[in-house]
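Listed here are the chains, written in short residue letters.
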Amino acid sequence: MRRSMLFLPGNNPNLLINGNCLGSDAVIFDLEDAVAPDQKDAARILVRNTMRYMDFRGVEMIVRINSIDTHYWKRDLDEVMPYKPSLILLPKTGTPADALAADEYMTALEQKLGFEKNTVGLMPLIETALGVENSFAIASATKRIQALFLGAEDLTADLQCKRTKEGREIEYARTRLVTAARAAGVDVYDTPFTDVNDDEGIVKDAELAKALGFTGKSSISPRHVEVINRVFTPTQKEIDYAYEVMDAIAEAKAQGKGAIALYGKMVDAPIVARAQRTIATAEALGIRRDMV
Amino acid sequence: MDIKKRAAAGTMESSDAYVEIEPASQGVSLELESVVLNQFGEQIRQTVLSVLAQEGVENAKVRIIDRGALECVIRARVEAAVCRGREEA
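Protein sequence lines, in the order shown, are assigned to chains A and B.
Convert by adding 48 to the 1-based position in the first sequence; the result is the number in the numbering used here.
Convert by adding 12 to the 1-based position in the second sequence; the result is the number in the numbering used here.
The shape of chain B in the complex, shown without the other chains (with noise of 0.2 angstroms):
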């Protein structure tokens, strides 16, 4: 199922990450801002990406700014922002 409004999960608060997701028409494009972006730039996509997959999103916007989050943080910040994007608006 995919997105259906735009919707956001999270905050800026240190050790945690902020995200928005807003429906896209044509696959999912990925926009990410993180104070560890150089080391852990490509882990964070590929997570966001594997929660994405598992949840069965195949069309979304999806911005993230990461304040040092663990991958659980992520995972679940991304997961919030999905659940609140399918709701009817």
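Next comes chain A alone, as it looks inside the complex (with noise of 0.2 angstroms):
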């Protein structure tokens, strides 16, 4: 269940050995961007010792490596692969062909290290108008890519334009995004929302990252975690009627009848997949029936 995800500067340890209990759903240990290049080599020693030693039970360990157009990225995975992150974020994946050159070294060092195939999950952070254009054949590249990542930032960057709160700019990436992963059955995570002072601007990036149908968002401030972990967390209206919905379904089974209203609107494939998604959001996050 990640509803929300923080990201966490790789060479800060005050950051670092905090990020348990933060409220964030996962963490991303940031060897990237949130490091400068002569602490690339001390980043990842300490990133690999955090997740070595420390405890972070409950909250999903990620790391974003460097891009495979550096000399870093396969250092990056030597030292993190160790200690299973459940996902790797890989910057800037333009091509299916970048998704395949990190899977191949995943790959190897899972056989080196004698884990299963795929343990450790990719997900490709699109943030070029190239990673765009390409979002499906990314997603579908290989079975390790368990969800993409939309990276606005530098996609805006990309795109010659100027990035804003309200996001204009980035309809379409998210819009395409989100339909490429779910064509690929994969998940999909919103871009950061990068003013942390803005309040009321968290809310709705985030109402409107779930409105289009986002798994989750990601975050470069614990003061918006909980913000996220609310709006995607079903409501109990949402919660309520999801059961409905399964109750009606089950009575017209038991009564023998094929089609079956609720509320005077029918209840149909789509509206049961939408309800039996929700209990399952519910249930993940330890929300059962008898607490409704």
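Since the hints were made in silico from the structure, they are not lab data.
There could be a bad hint or two in this list.
Claimed, not checked - 27 angstroms max Cα-Cα, derived DSSO-like pairs, lysine-lysine:
(1) K17/B <-> K88/A
(2) K122/A <-> K16/B
(3) K88/A <-> K16/B
(4) K258/A <-> K301/A
(5) K191/A <-> K132/A
(6) K73/B <-> K17/B
(7) K17/B <-> K258/A
(8) K252/A <-> K285/A
(9) K213/A <-> K252/A
Because the structure is a prediction, the values reported are computed rather than measured.
Both chains are sitting in their own frames, so use the hints and assemble them into the complex.
Right, here's the structure in full:
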């Protein structure tokens, strides 16, 4: 269950060691943009030690390695793969070949470490115009890919437009990525909202992401985590309705009825599928029916 | 392999440690400054010595300024300083 993913700078011990109590469902140890080139070596060791010695039970560990056009990315993987991060976030993924290059190296490492293939997942970070246009091909490039991730800051630089709080400039990328990810059967995560002091802006941005179909949203500030979690948690009304749908379906089946209506609206396959997803999400969050 | 050049890793920020290492010829000498010296000084020394032993460093002069770092952070900073000190100048 990943509603929120919080970026933690890879060379900042104060944030890294507290990453398991900042409320996010996942943390992203960042070895890329948050780390200066002359500190890549130290950050890699620090992140590896954090993963090795700290208890992050209940909080998924994700690592953003450096992109495959640098000489850092293989060493990043060498250090962190033994500690089984849930996902590797691969920056600047522009083509399926980029994802396959990472997949090939990760497969070799898994063999060397005695892990099953695909023990560690891959999440391409789509942050170029090329990546957006290739998003479905990237999402379906290898079974290791579990999700796509939108990075709007680099993307808007590549698109040669201004990044705004309203986000009209990334509307196409957002909907394109959600469609591509769903078509490929993987999850999809939204870009961070970067104004850490705009408490209303983050609510609107997270609600928009949820409305568009994103699985969850990333954040660069612990201040945004609570809002993101709230927005991506099914509401009481949604959970109640989902259970009513499932009850109605069970009843119809018992009575041998093919079609059924609830509150005057036909309950068809998409409604059932949505209800099942809502219940699965609620259960993953520990919200049981008897609590409703 | 011993230390070839003077090197440093880490910062003076809270929860971090700043580690300096330089070549030496007669064993390991360790200088420690820490906000928790009275309570954890000996444990920090043992942690540093353990990383140096693990890295096969037999001769070095090490100086550490600890700002309340956890053991895993101290280990990381010492290891990074050793790696940097081993690179060709």
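Comparing the hints with the structure gives:
1. For the suggested pair K17/B and K88/A, the alpha carbons sit about 19 angstroms apart, so the restraint of at most 27 angstroms is met.
2. Note on K122/A and K16/B: the hinted pairing holds, with a Cα-Cα distance of about 26 angstroms set against a maximum of 27 angstroms.
3. Using a Cα cut-off of 27 angstroms, the hinted pair K88/A and K16/B holds, with the two alpha carbons roughly 21 angstroms apart.
4. Distance restraint check for K258/A and K301/A: the Cα-Cα separation of roughly 32 angstroms exceeds the 27 angstroms cut-off, and the hinted pair is therefore not satisfied.
5. Taken as a hint, the K191/A and K132/A pair is honoured in the structure, with Cα atoms around 17 angstroms apart against an allowance of 27 angstroms.
6. Restraint check for K73/B and K17/B: satisfied, since their Cα atoms lie roughly 11 angstroms apart, inside the 27 angstroms limit.
7. The suggested pairing of K17/B with K258/A is violated, with an alpha-carbon distance near 53 angstroms, which exceeds 27 angstroms.
8. Note on K252/A and K285/A: the hinted pairing holds, with a Cα-Cα distance of about 20 angstroms set against a maximum of 27 angstroms.
9. With a C-alpha separation of about 10 angstroms, the suggested pairing of K213/A with K252/A holds against the 27 angstroms cut-off.
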